[in-house]
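Visitor: Given the sequences, and given the hints that come with them, work out the whole structure.
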Amino acid sequence: MVIVLQIIEAILSIALIAAVVLQSGKGGGLSGSIGGGAESVLGGKKKGLDEYLSKVTMILGALFAIVTLSLVKLMS
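Quick note: the sequence shown uses our numbering, first residue 27, plus one each step.
Hints were generated in silico from the structure; no laboratory data involved.
Simulated restraints on C-beta separations:
id : residue 1 : residue 2 : range
1  : 51        : 94        : 24 to 34 angstroms
2  : 74        : 29        : 35 to 45 angstroms
3  : 28        : 51        : 34 to 44 angstroms
4  : 51        : 91        : 17 to 27 angstroms
5  : 73        : 95        : 27 to 37 angstroms
6  : 73        : 28        : 33 to 43 angstroms
7  : 73        : 41        : 18 to 28 angstroms
8  : 81        : 40        : 14 to 24 angstroms
9  : 101       : 73        : 34 to 44 angstroms
10 : 76        : 27        : 35 to 45 angstroms
11 : 32        : 85        : 15 to 25 angstroms
12 : 77        : 98        : 31 to 41 angstroms
Simulated pairs of lysine to any residue, SDA-like, Cα-Cα distance not exceeding 20 angstroms:
id : residue 1 : residue 2
13 : 81        : 51
14 : 99        : 38
15 : 73        : 49
16 : 81        : 46
17 : 81        : 44
18 : 99        : 33
19 : 81        : 39
Quick caveat: nothing in here was measured; it's all calculated off a predicted structure.
Yeah, the Cβ is synthetic: ideal placement off N, Cα and C, and Gly gets one too.
Guide: In structure tokens, the structure reads:
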């Protein structure tokens, strides 16, 4: 059970890092350089993407916290 939770935590941590890096900050972030061209070609709205990434980040953060607390409880 512990090994399964550790694998899930590793996957969640990578997904959480990706979600944070892709958000645009004050300087535009990586989403401006990576997704900016695709958004202008496809006609997407940057604000919608940022709102989506913000929600994904909150969900991934909550899941990461739950899995981490579960691991601490199981390992102690």
